[in-house]
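Here the protein sequences come in this chain order: B, H and Z.
The C-terminal position of the first sequence is numbered 318 in the working numbering, with every residue numbered one higher than the one before it.
The C-terminal position of the second sequence is numbered 597 in the working numbering, with every residue numbered one higher than the one before it.
The C-terminal position of the third sequence is numbered 1051 in the working numbering, with every residue numbered one higher than the one before it.
Wrong hints could be hidden among the right ones.
Distance windows between CB atoms, simulated [unchecked claim]:
id, chain 1, residue 1, chain 2, residue 2, range
1, B, Gly167, Z, Thr910, 26 to 32 angstroms
2, B, Val60, H, Pro510, 40 to 46 angstroms
3, Z, Asp864, B, Thr166, 32 to 38 angstroms
Keeping only pairs whose Cα atoms sit at most 27 angstroms apart, straight-line, the calculated DSS-like set for lysine-lysine is [said to hold, decoys possible]:
id, chain 1, residue 1, chain 2, residue 2
4, B, Lys70, B, Lys283
5, Z, Lys807, Z, Lys776
6, B, Lys91, H, Lys441
7, B, Lys125, H, Lys332
8, Z, Lys807, Z, Lys857
9, Z, Lys776, Z, Lys801
10, H, Lys542, H, Lys450
11, B, Lys232, B, Lys310
12, H, Lys332, B, Lys232
13, B, Lys125, H, Lys584
14, H, Lys441, Z, Lys724
15, B, Lys310, H, Lys441
16, B, Lys232, B, Lys125
17, H, Lys441, B, Lys70
18, H, Lys584, B, Lys232
19, B, Lys283, B, Lys91
20, Z, Lys754, B, Lys70
21, B, Lys283, Z, Lys754
22, H, Lys542, H, Lys441
23, H, Lys332, B, Lys120
24, Z, Lys754, Z, Lys724
25, Z, Lys724, B, Lys82
26, B, Lys70, H, Lys450
27, B, Lys120, H, Lys584
28, Z, Lys724, B, Lys70
29, H, Lys441, B, Lys283
30, B, Lys283, Z, Lys724
31, B, Lys82, B, Lys70
32, B, Lys283, H, Lys450
33, Z, Lys807, Z, Lys856
34, H, Lys441, B, Lys82
35, Z, Lys857, Z, Lys801
36, Z, Lys724, H, Lys450
37, B, Lys82, B, Lys283
38, Z, Lys856, Z, Lys801
39, B, Lys120, B, Lys232
Since the hints were made in silico from the structure, they are not lab data.
All values reported here derive from a predicted model rather than from experimental measurement.
Even for Gly, the Cβ is constructed at its ideal location relative to N, Cα and C.
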Amino acid sequence: MASKTKATPAAGGEVLTYNKGTFRNSALVRQQTLAAYLFLLPALFFFVLFVVVPMVMCLVTSFFDYRMGKPLTFVGLNQYIKMFQDPTFLKALVNTFILVIVAVPTVTAFSLWVSSVVYKFSAFKRSFFRCIFYLPVVTGTVAVAVVWKWMFNKYTGLINYVLSATGVIDQNISWLGDARFALGCIILILFTTSIGQPIVLYIAALGNVDPSLIDAAEVDGANNFQVFWHIKWPQIMPTTLYILVITTINTFQCYALIQLLTSGGPNHATDTIMYYIYYQAFKLNDYGYGDAMGVILAIIIAVLSAIQFKVAGSGSGD
Amino acid sequence: METTVQSKKLTPGKVIVDIILFLLAIFFIFPLYWIVTGSFKDRVAVNANPPVWFPTQPTLDNYQRLFDNPALLWLGNTVLMAVAAMALTCITAAMAGYVLAKKRFPGRALIFSIMICAMALPKQVILIPLLKEMSFLGLHDTLWAVILPTVGWPFGIFLMKQFSETIPGEMIEAARIDGAGEVRTFVSVVLPMVTPGIGALAIFTFINSWNDYFLQLIMLNSTKSLTISLGIAKIQAEMSNDYGLIMAGAALAAIPIIAVFLAFQKYFTQGIAMGAVKG
Amino acid sequence: MKKQLSLLLAAGMTAGLLAGCGGSTSSTATESTASSTSSAATGETSGDNLSADITMWTYPIGQFSDADTVNSIITKFQESHPGINVTVEYLDYTNGDDQVTAAIEAGTTPDIVMEGPERLVSNWGAKGKMLDLSDLWTEDAVADISATSQAVVNACKGADGNYYEYPLCMTTHTMAINKEMFEAADALQYINEDGTWTTENFEKALQALKDSGVDTTMIVYCGGQGGDQGTRALVNNLYSGQFTNADHTAYTTDSDANKKALQQLLDWSNEGLISYDAAAQASDELQLFANGTVAMTLCWNASNQAQYASSVTFTPMAVAFPSDDGVPELCGGIWGFGIFDNGDDTKAAAAKEFIKFLCDDPEQGPESVRLTGFFPVRSSFGDVYTGTEDEDRMAQFSSFMQYLGDYYPVTAGWAEQRTAWWNMLQQIFTGTSVDDAVATYTTTSNDALAAAAA
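Chain B with its partners taken away, still in its complex shape:
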């Protein structure tokens, strides 16, 4: 298995596959390092200036009482302590985790399934389906939210119309206004707007798997599942890792849908950390508290990403 993978030009994997012979002497190493930094320079310029600098400012102000119209005062860890005594924050934290635990595996698994069916189609059919699943992304969150809000409407919505016409329900349900359903509705919409990008990437990655390997395996008598697990899965691992990480990050940062559809209600049932951060910073102008929550959220996401790197890295090493 391993030798086959190595022979493949398109072989990937988290493990770097560069040739160690490159580093023959220190002059070459210096030259390589210089070249590497020159290649990195443009990206680093924008990254440092417009991401790292504000990020550091945000970290610093999280230790200050920083509110519009109040003098900046150092408060140490107070806002971090306050956060974990704030029931709304804790509720938002729980909701965010539910969102991530449900949405990330579903999105990843579903997009892999769709891709593995679709990538075998003819070029036209493949483009067609790729486009279809990308439509909710293309449409834009604001417009998608308008349609879904109408579909979920208690009085004039499509879903109640269909359900009562078919006799499933006899009383209209306020889908987004009922604590039992609201978060589920958000997850459903998030799902439809999240799978476009993974499908595009998975189709590209699966298409890059060397067909001769698959043929060889099939000749050896491997079934579909074996082909998938031993040949395709290791090769699409970098893509899977990327999809896992960005889907996790995007799900954690989901707030536009919530702002547009529920404002965190009913009774905090759909509050997420991101929405709560937005609320603290832009509605109450308590930037320091918002920054502190942002730092905690970033740490949580970074730890989860690190775990995903570890798991995916060891997975592809097999």
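With chain B fixed as given, assemble chains H and Z onto it according to the hints.
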């Protein structure tokens, strides 16, 4: 070479999968279908209950009212912004992703870790510091205030690193042995191999930048620099129940993105063909 | 470009008045009724030689969201103040606050902003972002405005005694009913001639509507803070409770009268007399009222009446909120101008000239009020709608002005209170006891009040 591994024979399993895909397709098309048809409905039809499934008496009235706004100026601003963000991101990310994946140099792991951590930081949190920075640089209320943070966001670098890892080290080594310098190796060996990645990144950046209306809202505040997302959000806020007009705006905003998506799609196909040839 | 934009803005002009209260169905761009004859004599001599470029941001208040109308005002202003250029940007209630926050942090705030005291005075003013406008509040102005309502004068004054707003117009927020639905249910008999009704009769009307087959009589909407003055007024009026204490130093929703009212709403909801929807905001409720789904709206005012009259297929009839004694206490809306403290004396002086022109000019002042669609704060303006086509409609609303209650949205901690309010309603209708939900609300709000005052 097209990898048309189409079904050799029709099995019940395949039929069921096809039916499921077909139903899912309807589900995913529906919002856009509803927006597009809604944009041609008159005021009564668009609010009708039970819903009107298809506009039997289509009207262009919504589009006429939409173009009473400077919708084309908004569109122009947005295209300018998204294209600039897309081009800058693709260039910088392709270069950075390549060296992060294929070169070993001091600080590589550190730089990559910082980028991953930065990605984890919610954008809304850094908006206020970013705002102060843009104001300090004198860029607030210009399109640059929206473009630059988009380019700085390390998603693209991460994506290009993942794509660059699939480049076999032998090919880079071979180019070097042929006497190619760093730049030539990058341009003639690396770039062609990561074209699918660049295609994907171009689409993602274009669309993210197009749809990131909160960043636009915070950074732009004069009518002359309004983008289409902001324009539509404005229409929506002011005419909260004029669904026909909102739908027309949403449809107009979606068209350029669909065009970009279709235009860049072919890069995936190229990449697939190339991968197959190499094998 | 401006012209094109203006048509849209004209169409949406009354959308979401006061906290995103409503949306508009009509796209009829009402022509400016501006009198084109402008006299050079209106110019204040002090402003003649000022030279400055100033900016103004307006929330959508009547036709002040219409660029054509506003530009014609500026043209008139420049006849007496040729050196002052005014650039206007138009905000909306969904995103406007975020944009102002961003502008404050980026140091790019406009010179003038047009909105109500809950933003200008108790939010940005209290945070030290606004200029003191005491010099606009001449003795004459104070006397003239307090003759209409002392509450207006008080609302424009910050806790520090400075005036952060110079008001132009005011209104009362009412309810509206679908007259035909009420007629069909024989429920009009429960409403007095003057549009007031008692809580007892209100319940009878609900019952009559229900009996006649009306599915949804009224919705307690609480999907967010948009249009929350409607639910606040309903709760406060049913048993004559108060929202805050008299000097605005405590939120008093935990009073027995308010708790009784909340329990009453819950009981009615359980009996099926009214509905509750945690996914709906006022704009959604108005939409359902406009398309005939629901029999009444809690979010109505003169401007909404003007906007909806032409686009609905029934007669929307403005009524007061029901109260146990039949004497309602209605929430007011006040709109006017404030100046951001941008550290430029010349611009501030120019901005003041423009505000004086808009509010005090004997000709432009009443015209400005008419453009908002509300009532003047200056009693000397008299009835500004006499002789206009709006006279009848405005007379109907002007009769409600006598019921204008305390203007409490200037209470500290207002932003926190608004969120706590709709969360409280959501709790009550989903099983939390009224006592517990109200206790949570009162604690949150009063804590925020104390923190803001500290």
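A quick look at each hint next to the structure:
no.: 1; hint: B:Gly167 to Z:Thr910: 26 to 32 angstroms; in the structure: 31 angstroms, holds
no.: 2; hint: B:Val60 to H:Pro510: 40 to 46 angstroms; in the structure: 44 angstroms, holds
no.: 3; hint: Z:Asp864 to B:Thr166: 32 to 38 angstroms; in the structure: 33 angstroms, holds
no.: 4; hint: B:Lys70 to B:Lys283; in the structure: 16 angstroms, holds
no.: 5; hint: Z:Lys807 to Z:Lys776; in the structure: 15 angstroms, holds
no.: 6; hint: B:Lys91 to H:Lys441; in the structure: 21 angstroms, holds
no.: 7; hint: B:Lys125 to H:Lys332; in the structure: 15 angstroms, holds
no.: 8; hint: Z:Lys807 to Z:Lys857; in the structure: 23 angstroms, holds
no.: 9; hint: Z:Lys776 to Z:Lys801; in the structure: 16 angstroms, holds
no.: 10; hint: H:Lys542 to H:Lys450; in the structure: 21 angstroms, holds
no.: 11; hint: B:Lys232 to B:Lys310; in the structure: 20 angstroms, holds
no.: 12; hint: H:Lys332 to B:Lys232; in the structure: 20 angstroms, holds
no.: 13; hint: B:Lys125 to H:Lys584; in the structure: 14 angstroms, holds
no.: 14; hint: H:Lys441 to Z:Lys724; in the structure: 26 angstroms, holds
no.: 15; hint: B:Lys310 to H:Lys441; in the structure: 25 angstroms, holds
no.: 16; hint: B:Lys232 to B:Lys125; in the structure: 21 angstroms, holds
no.: 17; hint: H:Lys441 to B:Lys70; in the structure: 24 angstroms, holds
no.: 18; hint: H:Lys584 to B:Lys232; in the structure: 23 angstroms, holds
no.: 19; hint: B:Lys283 to B:Lys91; in the structure: 19 angstroms, holds
no.: 20; hint: Z:Lys754 to B:Lys70; in the structure: 20 angstroms, holds
no.: 21; hint: B:Lys283 to Z:Lys754; in the structure: 22 angstroms, holds
no.: 22; hint: H:Lys542 to H:Lys441; in the structure: 25 angstroms, holds
no.: 23; hint: H:Lys332 to B:Lys120; in the structure: 12 angstroms, holds
no.: 24; hint: Z:Lys754 to Z:Lys724; in the structure: 14 angstroms, holds
no.: 25; hint: Z:Lys724 to B:Lys82; in the structure: 23 angstroms, holds
no.: 26; hint: B:Lys70 to H:Lys450; in the structure: 17 angstroms, holds
no.: 27; hint: B:Lys120 to H:Lys584; in the structure: 16 angstroms, holds
no.: 28; hint: Z:Lys724 to B:Lys70; in the structure: 7 angstroms, holds
no.: 29; hint: H:Lys441 to B:Lys283; in the structure: 17 angstroms, holds
no.: 30; hint: B:Lys283 to Z:Lys724; in the structure: 14 angstroms, holds
no.: 31; hint: B:Lys82 to B:Lys70; in the structure: 19 angstroms, holds
no.: 32; hint: B:Lys283 to H:Lys450; in the structure: 18 angstroms, holds
no.: 33; hint: Z:Lys807 to Z:Lys856; in the structure: 25 angstroms, holds
no.: 34; hint: H:Lys441 to B:Lys82; in the structure: 22 angstroms, holds
no.: 35; hint: Z:Lys857 to Z:Lys801; in the structure: 18 angstroms, holds
no.: 36; hint: Z:Lys724 to H:Lys450; in the structure: 18 angstroms, holds
no.: 37; hint: B:Lys82 to B:Lys283; in the structure: 19 angstroms, holds
no.: 38; hint: Z:Lys856 to Z:Lys801; in the structure: 21 angstroms, holds
no.: 39; hint: B:Lys120 to B:Lys232; in the structure: 13 angstroms, holds
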